[in-house]
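Chemist: Each chain is listed here by its residues.
There are 2 protein chains.
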Amino acid sequence: MLREAIYHRPKQNWAYSYDKKTVHLRVRTKRGDAGQVRAIVGDKYAWDQTVKSVEMRRFASDDLFDYWEVAVEPPFRRLRYAFHFIKGEEELFLTEKEFRKTPPADPLELFDFPYINPADVFEPPAWVKDAVFYQIFPERFANGDPSLDPEGVEPWGGKPTPTNFFGGDLQGVLDHLDHLEGLGVNAIYFTPLFEATTNHKYDTRDYMKVDPHFGTNAKLKELVDACHRRGIRVLLDAVFNHAGRTFPPFVDVLEKGAESPYAGWFHVREFPLQVVDGIPTYETFAFEPIMPKLNTENPEVKKYLLDVARYWIEEIGIDGWRLDVANEVDHAFWREFRQTVKAAKPDAYILGEIWHDSIPWLQGDQFDAVMNYPFTNAVLDFFAKETIDAAGFANAIGKQLAAYPQQVNETAFNLLDSHDTPRLLTQCGDDERRMRLAALFQLTYPGTPCIYYGDEFGMSGEGDPDCRKCMVWDEKEQNREMFDFYRRTIALRKKHPALREIGLRFLQAEEGGRTLVYERRSAKGERFVVAMNASGREAKVSVSAEGKWVDAYSGEAAEIARGRLGATLPAYGFAVWKQV
Amino acid sequence: MLREAIYHRPKQNWAYSYDKKTVHLRVRTKRGDAGQVRAIVGDKYAWDQTVKSVEMRRFASDDLFDYWEVAVEPPFRRLRYAFHFIKGEEELFLTEKEFRKTPPADPLELFDFPYINPADVFEPPAWVKDAVFYQIFPERFANGDPSLDPEGVEPWGGKPTPTNFFGGDLQGVLDHLDHLEGLGVNAIYFTPLFEATTNHKYDTRDYMKVDPHFGTNAKLKELVDACHRRGIRVLLDAVFNHAGRTFPPFVDVLEKGAESPYAGWFHVREFPLQVVDGIPTYETFAFEPIMPKLNTENPEVKKYLLDVARYWIEEIGIDGWRLDVANEVDHAFWREFRQTVKAAKPDAYILGEIWHDSIPWLQGDQFDAVMNYPFTNAVLDFFAKETIDAAGFANAIGKQLAAYPQQVNETAFNLLDSHDTPRLLTQCGDDERRMRLAALFQLTYPGTPCIYYGDEFGMSGEGDPDCRKCMVWDEKEQNREMFDFYRRTIALRKKHPALREIGLRFLQAEEGGRTLVYERRSAKGERFVVAMNASGREAKVSVSAEGKWVDAYSGEAAEIARGRLGATLPAYGFAVWKQV
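Sequence lines, in order, name chains A and B. 3 is the number of the first residue of the first sequence in my numbering; add one for each residue after it. 3 is the number of the first residue of the second sequence in my numbering; add one for each residue after it.
Any given hint could turn out to be false.
One copy or any two copies: either way a pair holds, since identical chains are not told apart in the list.
Think about it this way: if two alpha-carbon atoms lie no more than 30 Å apart in a straight line, the pair counts; the simulated DSSO-like pairs of lysine-lysine are [stated by the list, open to error]: (1) Lys-13 / Lys-23; (2) Lys-54 / Lys-131; (3) Lys-103 / Lys-387; (4) Lys-258 / Lys-22; (5) Lys-344 / Lys-550; (6) Lys-496 / Lys-258; (7) Lys-32 / Lys-13; (8) Lys-550 / Lys-347; (9) Lys-161 / Lys-478; (10) Lys-23 / Lys-305; (11) Lys-23 / Lys-258; (12) Lys-13 / Lys-258; (13) Lys-478 / Lys-344; (14) Lys-22 / Lys-478; (15) Lys-13 / Lys-161; (16) Lys-344 / Lys-13; (17) Lys-401 / Lys-89; (18) Lys-344 / Lys-221; (19) Lys-401 / Lys-13; (20) Lys-471 / Lys-550; (21) Lys-387 / Lys-221; (22) Lys-305 / Lys-347; (23) Lys-161 / Lys-526; (24) Lys-401 / Lys-32; (25) Lys-54 / Lys-550.
No lab work stands behind these hints, which were simulated from the structure alone. Keep in mind the model is a prediction, meaning the values are calculated, not measured.
Work out the full structure: start from the sequences and follow the hints.
Modeler: Structural data, given as structure tokens:
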């Protein structure tokens, strides 16, 4: 067996408490290398009396590795363990100290999971596993109260520029809650609502006040209450990495320099604050002078922002926060943030904007989830850009499932587009069929899917600002077929735990292939098979499947011939079958 | 190149801030596989203008892998990066997304070190790098005040049992500070001093009071002050995982069961508290009924213990805490503990007792160091038990240096024995020569060495209780030669940064070999070569060495013949040369 490929290091995604009584152990081997992998587990203070060997399950694979997992419930909440690899006649053991040909003798040389302390168990809010999110860019969703329109507002449906306004507001969202409920989503993520100068509001002036062009704090409370009555949760955007140019403490520092009582609120390299050769003399988001980076280590800043975090939960009733540029803020701040937020609302959802590998933030002390762009990229690479084959896609998904603890995968925020990317349809070359395949995968995958406003009507758009077009409310311009696809698929997901739970197994994903077949299975035994033809040519699929199956959408019996479930899928066609 | 062997994941020991302006990047390859490894680095918001390629240095190797490192100072505190492996004509690139044959094109696919936030930078106290610790088990060090002796105290020097007493106390330590200063140590770690029933005091009755058999709080303050006047720092043992059977809150729960106001201070599986079939109905250290596990998530317990942590620093002036059974207490508690301790004394040292891989506690938010038993084991395996060869030893050391950030290696607490293990001399089969080699390695290795009381006089002892014998104060029974060896070697270490700093390179460590030669080098260019013959037969060593060299102990010129430094080392002999 290839020793160099084998990897395990306690905690992170390799040994973690899944809940207050269960530890998940994982280990990695070279793909195809081990026939069987076992874990040798016991209590460290009673090793000889408690030691046992348990079989691990290969739960994911990528291009290089197989990943193995087992759930263990140590009776005294502490666990010592080793791994046992079997390949034909060859046996190999791994302890913390070394590889061995023989079973480990000295328990002190084993790996150690010292204790399941409830305070350290990472339990994201339970509701998130069942949520379907909808992202709203408020300036462009609906204009419900023209009296609030900014000066120079342009007619709804015009061409978005980086700086123009169309008058979207909170009343507009209130007016369209029927639409959201009809679509079936049960959570909204709003990009920033607080007072700011830009149309995107990422340059906050006042963290305690809804932007007057959107409405008032009272109007937001009315909206949140209305959402809650419909079973819809609400997430706001916390832009805590940086403030805006008009944020009063920053204005004060601009004016008074080092003499300002707020000088310590920012990271100033050199007074006065100015831009020299395109580079601000103070730290900012990117090199953007209107977005001065906040010094989140300053106790006053910390208190101010944590008060903000608390206010909107306690007074307005929001259900969590999406954290902008989350990875550029210190871990220490986010730990206090989590404590503050969870004290105010224990099941609040904390979602970080991180585009990269995010394991340091997903250990239970900081975020519940991150915006899962690696998922986005894998889906787009396969379905939209067609730069990878079915095997490459399955490998990318397997790599992700292996990279995080199970609870992270269960509540990952799986988006396919956003206000920061081109729209899904546009990425799919305006091919609705490819868009549907991508969305179907998203909606039958674990984690919480998020739909960017307007995708359900087949809206298109290149990158910012084009992806921030006004929502299409004229029914004649809406793609009703797309809406129907989303509505029905969301309904399927909400009805069937198998389409939300963690169990996903690829049945067909070949090198060079563009046919993808996977099984979805719930803990209670519900089973689905999803088949997709991600190519421009008709394709036959056939998978072994015992028992009776139906088309999940229509309920019509599926054809089973000689124990196989099959169909001829048209170009970019799909089938979703359910065992009955 | 073997892709399966290559490993990198941001943060932990792979990408971390070494100080407020420097990021260390590391990556792993199969041993001997890559001829050169480079890092491609730049600012994520100005990639094209800032990208550059920097060479990485192979800083450690073990049996399977080479480990490469480079220090980077990103001008705007943020870093995006990839790796570039070169093996003859073969080139390979690694991004966060994938292995590539060609340089990465899309900066979004690179690895990301988002920001050096000072709050997250792990900077252990600077003094620890230069400290030589001395561990005192107070009941057995010296009896300076017989009026405090426990009832039934036995004559000094008798045979230790798990339960007997010999009357050691704080006055005894005060009386012997000349000895410690003469030996050259500059820090003491005391096993528990607080009131308890046992001789080891790990079953605390009162965390706010020195055990009356040891003295008073005032006496401890006198001792700490006296130590400080001599430049000796003092570390106490915080037994926060569990209390003792006589701890009043526990006594109350024993008496009143669930009705006790302290019921929530412990982890009770079932009332009443009792032992059924050898297993307490409440959680304990191991299965030890007299050591009930404290519920460190309970706010009252937390407040109580954090007050304790603060009291001994602020009122008595101690310089840090050694944390007993540290890995069984929740991370959340230790984070608050660190904040409390560092607020009270910013350069206090926080040392966790963890026998295993400890990376989750060594990220800057919890401990400064752990008791480095993996180091202990490697040294004992090679020098004492002779179960591994020189190559195996170099590999074990390389593996450890690679496993942690540099600042962790610089302040690792490197012990060779303790009150929990047999004594070093005994582990060496009572062979003083082997003991000296082990100690010489310890005292010429980065990190902070710790000497267990009495080792300097060649005391022997099997495991607990035999390793807790009374200190030998009768000069006729002291091994003065051993003392002299320790004294002179400590003096060398303290005089020469090269013997303390991180730069260690093995020059000779062959498979099957028992000759070990390594170079020690300081940032300022000071150079030493240490040669050891860890075998029972005479051995010749010869290493290429330019310039002039002296014996580091005697200052006598070393013989250089044809550009080589050499000597014939007797069985278990050694030489320490210094370049002049």
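Chemist: Please go over all the hints and tell whether each is borne out by the structure.
Modeler: To see whether the hints hold, each was checked on the structure:
1. For a Cα distance limit of 30 Å, the shortest separation of Lys-13 from Lys-23 qualifies both inside one copy, at 15 Å, and across copies, at 28 Å.
2. Taking CA atoms no more than 30 Å apart as the test, Lys-54 paired with Lys-131 passes in neither setting, with 33 Å inside one copy and 43 Å between copies.
3. With identical chains, the CA atoms of Lys-103 and Lys-387 are at most 30 Å apart between copies only, with a shortest distance of 21 Å across copies and 47 Å within one.
4. For a Cα distance limit of 30 Å, the shortest separation of Lys-258 from Lys-22 across copies, 27 Å, qualifies, whereas the shortest one inside one copy, 53 Å, does not.
5. In this assembly of identical chains, the alpha carbons of Lys-344 and Lys-550 never lie at most 30 Å apart, being 46 Å within a copy and 65 Å across copies at closest.
6. With identical chains, the CA atoms of Lys-496 and Lys-258 are never at most 30 Å apart, being 56 Å at best within one copy and 50 Å at best between copies.
7. Both within a single protomer and between protomers do Lys-32 and Lys-13 lie at most 30 Å apart by alpha-carbon distance, with minima of 21 Å and 24 Å respectively.
8. Proximity of Lys-550 to Lys-347 under the C-alpha cut-off of 30 Å is found in neither arrangement, the shortest distances being 45 Å within a copy and 70 Å between copies.
9. For the homomeric pair Lys-161 and Lys-478, the shortest alpha-carbon distance inside one copy (19 Å) is at most 30 Å, but the shortest distance between copies (96 Å) is not.
10. Within a single copy, Lys-23 and Lys-305 get their C-alpha atoms only as close as 35 Å, which misses the 30 Å cut-off; across copies the closest is 26 Å, which meets it.
11. Proximity of Lys-23 and Lys-258 under a CA criterion of 30 Å is satisfied inter-copy only: 28 Å between copies versus 56 Å inside one chain copy.
12. When the C-alpha separation of Lys-13 and Lys-258 is checked against a cutoff of 30 Å, the pair qualifies neither within a copy, at 48 Å, nor between copies, at 38 Å.
13. In this homomeric assembly, Lys-478 and Lys-344 never come within 30 Å of each other (Cα to Cα): the closest approach is 45 Å inside a single copy and 65 Å across copies.
14. Proximity of Lys-22 and Lys-478 under a CA criterion of 30 Å is satisfied in neither setting, with 53 Å inside one chain copy and 58 Å between copies.
15. Taking identical chains as interchangeable, the C-alpha atoms of Lys-13 and Lys-161 are never at most 30 Å apart, the minima being 50 Å within one chain and 43 Å between chains.
16. For the homomeric pair Lys-344 and Lys-13, the shortest alpha-carbon distances inside one copy (23 Å) and between copies (26 Å) are both at most 30 Å.
17. Within a single copy, Lys-401 and Lys-89 get their C-alpha atoms as close as 23 Å, and across copies as close as 27 Å, so both meet the 30 Å cut-off.
18. Taking CA atoms no more than 30 Å apart as the test, Lys-344 paired with Lys-221 passes inside one copy only; the shortest distance there is 25 Å, against 45 Å between copies.
19. Proximity of Lys-401 to Lys-13 under the C-alpha cut-off of 30 Å is found in both arrangements, the shortest distances being 18 Å within a copy and 19 Å between copies.
20. Proximity of Lys-471 and Lys-550 under a CA criterion of 30 Å is satisfied in neither setting, with 46 Å inside one chain copy and 76 Å between copies.
21. For the homomeric pair Lys-387 and Lys-221, neither the shortest alpha-carbon distance inside one copy (42 Å) nor that between copies (75 Å) is at most 30 Å.
22. In this assembly of identical chains, the alpha carbons of Lys-305 and Lys-347 lie at most 30 Å apart whether taken from the same copy (18 Å) or from different copies (23 Å).
23. Within a single copy, Lys-161 and Lys-526 get their C-alpha atoms no closer than 50 Å, and across copies no closer than 63 Å, so neither meets the 30 Å cut-off.
24. Within a single copy, Lys-401 and Lys-32 get their C-alpha atoms as close as 13 Å, and across copies as close as 21 Å, so both meet the 30 Å cut-off.
25. For the homomeric pair Lys-54 and Lys-550, neither the shortest alpha-carbon distance inside one copy (39 Å) nor that between copies (60 Å) is at most 30 Å.
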